[in-house]
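Engineer: Assemble chain B onto chain A, guided by the hints.
Going down the list, the protein sequences come from chains A and B. Quick note: the first sequence uses my numbering, first residue 1, plus one each step. Quick note: the second sequence uses my numbering, first residue 1001, plus one each step.
Derived from the structure by calculation, the hints contain no laboratory data. For every residue, glycine included, the Cβ atom is placed at its ideal position computed from N, Cα and C. Some clues are possibly wrong.
[To be verified] Computed cross-link-like contacts, DSS-like style, restricted to lysine-lysine with a CA-CA straight-line distance of at most 25 Å:
| no. | chain 1 | residue 1 | chain 2 | residue 2 |
| --- | --- | --- | --- | --- |
| 1 | A | Lys210 | B | Lys1288 |
| 2 | A | Lys327 | B | Lys1288 |
| 3 | B | Lys1288 | A | Lys324 |
| 4 | A | Lys324 | B | Lys1150 |
| 5 | A | Lys372 | A | Lys192 |
[As the list claims (entries may be wrong)] Reference listing, derived: stretches of chain A covered by chain B, where coverage requires no fewer than 3 residues with Cβ under 8 Å from a Cβ of chain B:
| no. | stretch |
| --- | --- |
| 6 | 264-278 |
| 7 | 305-319 |
| 8 | 343-353 |
| 9 | 392-405 |
[Said to hold, decoys possible] Selected chain A positions facing chain B (in silico; Cβ < 10 Å):
| no. | residue |
| --- | --- |
| 10 | Phe238 |
| 11 | Tyr252 |
| 12 | Gly261 |
| 13 | Gly288 |
| 14 | Gly291 |
| 15 | Ile298 |
| 16 | Tyr328 |
| 17 | Ala329 |
| 18 | Ala335 |
| 19 | Leu336 |
| 20 | Lys337 |
| 21 | Phe338 |
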Amino acid sequence: MKKAAQAADPRQGFRSEQNLPVSEEPRQRMKKVAEATHPRQGFRSEQNLPVSEEPRQRMKKVAEATHPRQGFRSEQNLPVNPGFVMRPKQKMDLPFERPLLELEQKIVTLETQPDQAPEVHDEIRKLKVELVRLRREIYENLDPWDTVKWVARNPNRPQTLDYLELVFDEFVELHGDRAYGDDRAILTGFAKLDEIKVMFIGQQKGRDLKERTQSNYGMPHPEGYRKALGRMQMAAKFGLPIVCFIDTPGAYPGVGAEERGQAYQIALNLREMSRIATPIICVVIGEGGSGGALGIGIGDHVAMLQHAYYSVISPEGCAGILWKHVKYADLAARALKFTSGHLKRFGVIDEIIPEPPGGAHSDHRQMAMTLKASLHHNLRELGTIPASKLLDRRYEKFRKIGVFEEKAVEGLLNGEAAV
Amino acid sequence: MSSDDKPSEKPTKDKAAKDKSVETRSEKTGTNGATTSAEKSAENGTANKPAPKITDSWVGANPNKRGVPEGLWLGCDGCGATIFRKELEKRLRVCPECNHHFYISAPARISQLLDQDSFEEWFTNISSLDPLGFADRKPYPERLVAERAKTGLDDACITGRGYLRGRPLVCAVTDSAFIMGSMGSVVGEKLTRSIEQATELKLPLVIVSGSGGGARMHEGIYSLMQMGKVCAALARYHEAGGLFISVLTNPTMGGVAASFASLGDLVFAEPKALVGFAGPRVVQATVKAQLPDDFQTSEFMLAHGFIDRIIHRAELRTEIARVIDYCGLRQ
Chain A
1 MKKAAQAADP RQGFRSEQNL PVSEEPRQRM KKVAEATHPR QGFRSEQNLP
51 VSEEPRQRMK KVAEATHPRQ GFRSEQNLPV NPGFVMRPKQ KMDLPFERPL
101 LELEQKIVTL ETQPDQAPEV HDEIRKLKVE LVRLRREIYE NLDPWDTVKW
151 VARNPNRPQT LDYLELVFDE FVELHGDRAY GDDRAILTGF AKLDEIKVMF
201 IGQQKGRDLK ERTQSNYGMP HPEGYRKALG RMQMAAKFGL PIVCFIDTPG
251 AYPGVGAEER GQAYQIALNL REMSRIATPI ICVVIGEGGS GGALGIGIGD
301 HVAMLQHAYY SVISPEGCAG ILWKHVKYAD LAARALKFTS GHLKRFGVID
351 EIIPEPPGGA HSDHRQMAMT LKASLHHNLR ELGTIPASKL LDRRYEKFRK
401 IGVFEEKAVE GLLNGEAAV
Chain B
1001 MSSDDKPSEK PTKDKAAKDK SVETRSEKTG TNGATTSAEK SAENGTANKP
1051 APKITDSWVG ANPNKRGVPE GLWLGCDGCG ATIFRKELEK RLRVCPECNH
1101 HFYISAPARI SQLLDQDSFE EWFTNISSLD PLGFADRKPY PERLVAERAK
1151 TGLDDACITG RGYLRGRPLV CAVTDSAFIM GSMGSVVGEK LTRSIEQATE
1201 LKLPLVIVSG SGGGARMHEG IYSLMQMGKV CAALARYHEA GGLFISVLTN
1251 PTMGGVAASF ASLGDLVFAE PKALVGFAGP RVVQATVKAQ LPDDFQTSEF
1301 MLAHGFIDRI IHRAELRTEI ARVIDYCGLR Q
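The shape of chain A in the complex, shown without the other chains:
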């Protein structure tokens, strides 16, 4: 029966999985194939929605057509808010993904042919393999500007709140900064990573307009940095390791932010974070926007997702200043060398956390699993280093960053020699 259904409509096949108490292994394998070919379809089956509900199906189809990768989002706030799901503008047509779409189209046409000869099956299989290969290839050779514009800033890319759901078992949010207010662009609180208790600090951008307005598009004010610092100091007091998720276009450039000391607060965070006597892991999950990112970015282990970026200035800002026009952002993006591969080579980050073949936005769950494994590993590793050594290690880590030429000196010109 399953086969028949699949033949009639390939999309149906995966959904029927949910009700079958199948052994884990083949199911996993199937899902992988399914995700490779129809990355957007896999999630649907996980939502556990009653299959037979006609109107709901129809709605979902529309939703998928318009913004296909949102499966997980809706999971979080079940029951689904139809107003959110129906919003038609979220569809992301990534320009560099066009060859993939064509290939997918081809596969779908083949699959929906009424009678399938064995050769057709072979052809389909080949195409699917090719699809996986091509997707990997495209994503491994992304232009830096595409990385920023379409992947790191992709609205469907998992954000701090998604990871809190998918990576951590519990999140006890703590709001107060004890001075001014609660900045929703930085979330702080206790979190549990399986059995490990941590202090979690994360920048949240928000996905729809309401969320984005609330979190100020992920651009923190001084109170956000103050809140983060307070939590870190508390974590040090109670011996909790700290996990920071960085995802911000930059600290907010507004009048209020200046009045409340944006520069001072970031500076203070930089100084104090270098002396927090507990392990700190920082992960750039999307955008690492300059001082706004560094303000929670001083750690013992700095990791970065494969398609995230971490830069001294946004490509637009750089283009505006040096090329005198924002339209040269692509040139600036290439010149700034801020992608994970470069930064790893420069020794600025310690680890690149690989993303699923189609980017983190294509498969939130897989991304979360990889990230979780990395956090686990590094927390355990850092846990073995005594606090006194930890701080020296952190100091040295940042101390040695910098490229310059040092000429040999004659006589007493050198500072060390002179004093």
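Structural biologist: Using the frame of chain A, we list chain B on its own:
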């Protein structure tokens, strides 16, 4: 506090004019940069050299911004008054009419601030490389060469040790003429080493910031990380009980403001200096509203609690010496 110096330090116009003449000779090398300090320079002819080359070229590069036309007379940016150049030099490049503080170069700052010939420059052997192979409209190495020629400096920062009214200290100055005084690997490294030296020698630290550019874009992520590096060194200095006096001059923005410049035990600023995190144009573009008149000036930052004192250039020596005496001189 040394009272004998005091009269000459007063900003009163006539007095200052009578007693002072500042030598702002072009200090190309910087190593022997400590020339006559204000109140001690004799009124002989040698003290009044022609206008420094550094200033002229800087002004020529930005005629509309904060510059002055070349020649004997120049117009004040603050009040529009016409000032005799020599008069301006005598007054430490502060307008006698409106107290507008003109730009001064890092070597000139050192010579104004420290005792005559007491400055010993450190780390002159470090120079910038081009780690990213960065090229905008002009390749970064070429830009460096041009900036060096224009300012006579190796990079945007001069650092070393010296004496201020007989008090030993470590002093660093960033020069806003060199790629907007931005912090790249060299500035970061020089400052970090100086802070480490100050920690080791238990000396007070004075950093005079004039950096409109923040972190230097041309060195990408390396520049950003210098912020963390310098702040970490300051953390150690802070823990060791060191006294850090940060002096903000026009302009101090971005990554420099968001790192060492804001972290002084004492934060002083010159009047009407531009001080803040995001540039006023960026803020304007973001909030799309009229900005307050004094937005991001020293006075604005003082009103909001991020600056301790606003100090006239002529008083800076006295003030720094005074607070060093309060905080104790660790030997």
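Engineer: State for each hint whether it applies.
Structural biologist: So, going through the hints one by one against the coordinates:
1. A/Lys210 with B/Lys1288: 21 Å, holds
2. A/Lys327 with B/Lys1288: 21 Å, holds
3. B/Lys1288 with A/Lys324: 21 Å, holds
4. A/Lys324 with B/Lys1150: Roughly 22 Å separates the two Cα atoms, so the pair holds.
5. A/Lys372 with A/Lys192: Holds - the C-alpha atoms of A/Lys192 and A/Lys372 are around 11 Å apart, at most 25 Å.
6. 264-278: holds (count 9)
7. 305-319: As far as the stretch 305-319 of chain A goes, the hint holds, because 6 residues have Cβ atoms under 8 Å from chain B.
8. 343-353: Check passed, 3 qualifying residues.
9. 392-405: holds (count 9)
10. Phe238: With a minimum Cβ separation of about 21 Å from chain B (threshold 10 Å), the hint on A/Phe238 is violated.
11. Tyr252: Constraint on A/Tyr252 satisfied, holds at 8 Å.
12. Gly261: At 5 Å from the nearest chain B Cβ, A/Gly261 passes the 10 Å test, so the hint holds.
13. Gly288: 9 Å, holds
14. Gly291: 5 Å, holds
15. Ile298: Hint on A/Ile298: holds, closest Cβ of chain B at ~5 Å, below 10 Å.
16. Tyr328: 8 Å, holds
17. Ala329: Result: violated, 12 Å to nearest chain B Cβ.
18. Ala335: Hint on A/Ala335: holds, closest Cβ of chain B at ~5 Å, below 10 Å.
19. Leu336: OK, holds: A/Leu336 within 10 Å of chain B, min 5 Å.
20. Lys337: 5 Å, holds
21. Phe338: For A/Phe338, the interface hint holds, since the closest Cβ of chain B sits about 6 Å away, which is under 10 Å.
Against the hints set out earlier in the document, violations occur for numbers 10, 17.
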